[in-house]
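Residue numbers (this note's numbering), protein chains in the order written: chain A, 1 to 488; chain B, 1 to 304.
Treat each hint with caution, since some may be false.
No farther apart than 25 Å at their CA atoms in a straight line, the calculated lysine-lysine pairs in the BS3-like style are these [as the list claims (entries may be wrong)]:
{"id": "1", "chain 1": "B", "residue 1": "LYS60", "chain 2": "B", "residue 2": "LYS198"}
{"id": "2", "chain 1": "A", "residue 1": "LYS106", "chain 2": "A", "residue 2": "LYS160"}
{"id": "3", "chain 1": "A", "residue 1": "LYS136", "chain 2": "A", "residue 2": "LYS106"}
{"id": "4", "chain 1": "A", "residue 1": "LYS160", "chain 2": "A", "residue 2": "LYS117"}
{"id": "5", "chain 1": "A", "residue 1": "LYS254", "chain 2": "A", "residue 2": "LYS221"}
{"id": "6", "chain 1": "B", "residue 1": "LYS60", "chain 2": "A", "residue 2": "LYS236"}
{"id": "7", "chain 1": "A", "residue 1": "LYS263", "chain 2": "B", "residue 2": "LYS153"}
{"id": "8", "chain 1": "A", "residue 1": "LYS267", "chain 2": "B", "residue 2": "LYS60"}
{"id": "9", "chain 1": "A", "residue 1": "LYS106", "chain 2": "A", "residue 2": "LYS467"}
{"id": "10", "chain 1": "A", "residue 1": "LYS458", "chain 2": "A", "residue 2": "LYS129"}
{"id": "11", "chain 1": "A", "residue 1": "LYS264", "chain 2": "B", "residue 2": "LYS153"}
{"id": "12", "chain 1": "A", "residue 1": "LYS467", "chain 2": "B", "residue 2": "LYS153"}
{"id": "13", "chain 1": "A", "residue 1": "LYS467", "chain 2": "A", "residue 2": "LYS160"}
{"id": "14", "chain 1": "B", "residue 1": "LYS198", "chain 2": "B", "residue 2": "LYS116"}
{"id": "15", "chain 1": "A", "residue 1": "LYS136", "chain 2": "A", "residue 2": "LYS457"}
{"id": "16", "chain 1": "A", "residue 1": "LYS232", "chain 2": "B", "residue 2": "LYS153"}
{"id": "17", "chain 1": "A", "residue 1": "LYS160", "chain 2": "A", "residue 2": "LYS143"}
{"id": "18", "chain 1": "A", "residue 1": "LYS117", "chain 2": "A", "residue 2": "LYS392"}
Here are some chain A residues the structure puts well away from chain B; computed CB gaps all over 10 Å [claimed, not checked]:
{"id": "19", "residue": "LEU223"}
{"id": "20", "residue": "GLU258"}
{"id": "21", "residue": "ASN313"}
To be clear, the hints were calculated from the coordinates, so they are not data collected in a lab. Ideal placement from N, C-alpha and C gives every residue a C-beta, glycine not left out.
Residues per chain, in single letters:
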Amino acid sequence: MSENTPEIGTVGLLRFMWRQLTSMRTALVLLMMLGVAAIPGSFIPQRSQNPIAVSDVFATSPTKALWYERFSLFDVYSSPWFSAIYILLFISLIGCVLPRSFEHYKASRALPPLTPKNLSRMEHHTEWKGTGDELKLARAWFKKNRFRVRELDGSISAEKGFTRETGNLFFHLALVLILVGVSFGSLFGMRGDAIVNVGERFINTPTTFDSLSFGKLFNEKSLEPFSIEVDKFVGKYNPVTNAPEDYTLSVTVKDTPESAPVKKIVKVNSPLSFGSTRVYLQANGYSPIVTVRDSVGNVAFQGPVPFLPQDSNLTSTGAIKVPDAIPQLGFVGSFFPTIGRADEGGGISVFPEALDPQLFLGAWTGDLGLDNGRPQSVYRIDTDTLTKIGLKSLAPGETYEFAEGSITFETYIPWVNLQVVKDPGKSYALLGSIVAILGLLASLFTRRRRIWVSVTKKNIQVAGLAKNAAPGLEIEIAQLIRALGRAE
Amino acid sequence: MSTTWAYISNYLVYSSMGVFALAFIAHTYETAFAVRAPHLADSAKGNLRTKTFDYTRTEKIARIATAMMILGFLLLLAGVVGRGISAGRVPWGNMYEFSITGALAFTGAYLGALRKYDLRWLGLFVSISVLLTLGTAVTVLYVPSAPLVPALKSTWLVIHVAAAIISGGIFLLSNVIAGAFLFLDSMERKGERAPWAKRLPSLDTLDQLSYRLVAFVFPLWTFAVIAGAIWAESAWGRYWGWDPKETWAFITWVAYAAYLHARVTVGWRGRRAAWLCIFAGSTFLFNYVYVNVWGTGKHTYSGL
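Can you build the whole structure from these sequences, using the hints too?
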């Protein structure tokens with residue numbers, strides 16, 4: 001640093017940086033940056049929405065995936081750089097809005113400024129000979145039109161339109177409230193999925209979920225102690241287009257283990273509510289019910305096994321693992337609610353309702369590997385170490401018999417995926433949104449303006465000034481002049 | 001019953017296209033025949049080679065053109081309503097329906113603005129773009145009238161999509177005006193306006209008008225986004241998930257917010273403001289075309 005440079009010191013530097021950050025120009029640049037930063041997330045698959053597409057990128061082009069990963073491009077909206085932009089933007093916004101709020105509060109309590117000496121220099125200036133009671137009429141007109149007035153020495157200074165700045169400030173503060181609501185929800189909230197067969201009961205405890213994710217500050221004790229018994233599920237589909245038309249889920253809920261059971265209906269657009277927790281109907285499928293017997297005839301397994309839908313006609317795949325049979329048995333299966341003409345060795349469902357259900361099974365035997373401690377998917381079987389027994393296609397009631405035992409396809413039941421979401425911040429975000437819209441309307445549709453009336457020796461003068469040269473003041477002044485009784 | 005209404009709706013949409021085509025021809029005629037060939041009497045003034053435009057010559061045909069636009073609007077309105085009746089719901093469940101309703105909103109915005117400003121010069125553009133939109137809708141985007149998938153069965157469909165379509169129509173009108181501003185501005189920079197452009201409003205008026213349309217509709221767009229979030233909360237279990245459509249709606253919102261700030265607090269006018277306005281409007285168009293047709297995510301209802 002050269003000797004001529006004035007020393008601004010640390011405090012000075014910080015003050016300088018604060019001024020820069022809270023300047024309108026910086027805020028605008030940050031706002032545009034936020035818009036631009038949001039773009040990549042709409043082209044690159046996001047882990048939070050489509051984890052399968054993300055793993056596809058890793059599989060097909062690992063180098064590209066690695067670079068995407070380095071720049072958090074699979075998690076754009078929770079990435080450090082995206083967060084940095086919006087946090088800076090909100091600091092800038094708060095630094096801009098808070099001082100303005102104090103200023104505005106003071107200004108709204110202060111009286112309007114004095115009437116200028118020379119009204120003829122102001123806009124919309126009009127002068128005429130009056131009768132004497134104009135000041136009284138003006139006072140009444142301003143009161144009727146809710147102007148704030150200041151009277152001094154035969155002149156009235158009136159002001160209106162503070163709502164514009166009030167609305168503007170409320171709009172920006174409401175944006176902060178929305179951000180608070182969003183962060184509150186992600187810190188204290190949770191989201192979990194559970195596949196529940198019709199006839200089974202779901203209890204809201206962490207162990208019953210198939211997948212569960214929660215915020216950093218989420219407390220397991222804050223899970224509402226409700227239970228849901230799935231009574232019936234009906235899916236209606238269009239016979240021409242196969243598109244779903246209606247899903248209706250009938251349940252019996254208990255808010256607490258002690259409370260009385262209540263019957264309820266869940267639909268796609270009407271979830272169940274328990275405090276700040278809501279339960280959504282997010283997906284549905286079929287669980288074939290099978291009975292597996294070993295070579296002696298003892299029942300080794302019996303019950304429904306949820307299969308996962310693979311297409312819109314609910315062609316579903318799954319696995320049946322029977323570790324209790326000796327030797328262990330595994331079945332890789334496909335379920336077709338309405339079987340279509342199948343190609344060699346395959347099959348396809350042609351309608352999502354179970355009109356002609358069929359279960360294709362591949363039977364395997366050997367060590368299923370369930371004891372080695374490695375977690376594995378319940379919907380898949382690693383057949384590398386197993387020995388193939390055979391393939392069979394079964395209709396309900398049919399049995400496939402083989403040397404090691406048998407499997408009977410008894411019937412099938414639907415399952416539903418219940419999504420449980422707790423978001424304690426959403427009411428703040430909603431409140432913020434409502435205030436933001438009201439503030440926006442107030443700030444865009446009101447104008448701040450001043451009107452002056454001055455009476456000197458029966459000479460009446462009227463003039464006005466509109467902030468930002470907003471139109472419409474001349475009409476208002478014309479109305480005032482008419483109210484003051486000026487002869488045309 | 002419902003198929004009858006679907007047929008009636010199709011005929012009405014086709015008829016409106018015919019009428020819009022007539023309006024387009026009338027507008028072309030209006031502009032073309034306003035040209036006054038050089039007159040021998042002008043030779044004294046030395047402008048034998050300059051053509052002049054005289055719109056009073058084609059005032060009658062201009063009125064016919066506007067009448068055609070109104071008739072086309074009414075036919076299209078009936079077509080959109082008929083489509084709604086045939087499906088037993090609001091007529092914006094797929095991209096064909098978005099397009100015919102959007103064209104209706106665009107024509108409506110033009111006719112509404114025409115009551116206050118003399119915007120007939122825009123008629124040529126409005127009629128051809130409505131024709132193109134409807135043409136694409138009936139040829140490429142058409143799908144038979146059908147009930148909705150369960151996620152769309154909600155009152156919010158009416159509120160959210162109506163707000164988005166109206167906002168879109170007005171954003172696009174504002175874009176057209178900003179485009180006209182840029183075109184006329186570059187013309188004036190080179191010298192005088194061409195004769196045919198002389199009757200178009202002053203640059204100042206165009207600049208103000210495009211801003212006022214945005215300022216008027218920005219709260220509605222904000223509302224459309226928030227209504228969408230409320231609906232998403234009840235249908236999909238979250239109010240904001242950075243789905244591509246949500247992301248682009250957000251980008252459009254940010255771009256228009258920046259435009260309003262640039263105008264009101266920084267004092268941008270003229271070219272810079274017009275370019276920013278066009279940029280913001282194109283994010284909306286991009287969202288409509290790209291995300292609906294090629295995009296992934298939860299908003300792909302185009303039926304394509």
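Against the structure, the hints:
no. : hint                   : result
1   : LYS60(B) to LYS198(B)  : holds, 19 Å
2   : LYS106(A) to LYS160(A) : holds, 15 Å
3   : LYS136(A) to LYS106(A) : violated, 29 Å
4   : LYS160(A) to LYS117(A) : holds, 20 Å
5   : LYS254(A) to LYS221(A) : holds, 18 Å
6   : LYS60(B) to LYS236(A)  : violated, 57 Å
7   : LYS263(A) to LYS153(B) : holds, 22 Å
8   : LYS267(A) to LYS60(B)  : violated, 58 Å
9   : LYS106(A) to LYS467(A) : holds, 19 Å
10  : LYS458(A) to LYS129(A) : holds, 6 Å
11  : LYS264(A) to LYS153(B) : holds, 19 Å
12  : LYS467(A) to LYS153(B) : violated, 47 Å
13  : LYS467(A) to LYS160(A) : holds, 11 Å
14  : LYS198(B) to LYS116(B) : holds, 20 Å
15  : LYS136(A) to LYS457(A) : holds, 15 Å
16  : LYS232(A) to LYS153(B) : holds, 21 Å
17  : LYS160(A) to LYS143(A) : holds, 11 Å
18  : LYS117(A) to LYS392(A) : violated, 101 Å
19  : LEU223                 : holds, 16 Å
20  : GLU258                 : holds, 28 Å
21  : ASN313                 : holds, 14 Å
Of the numbered hints given earlier, the model fails hints 3, 6, 8, 12, 18; all others are met.
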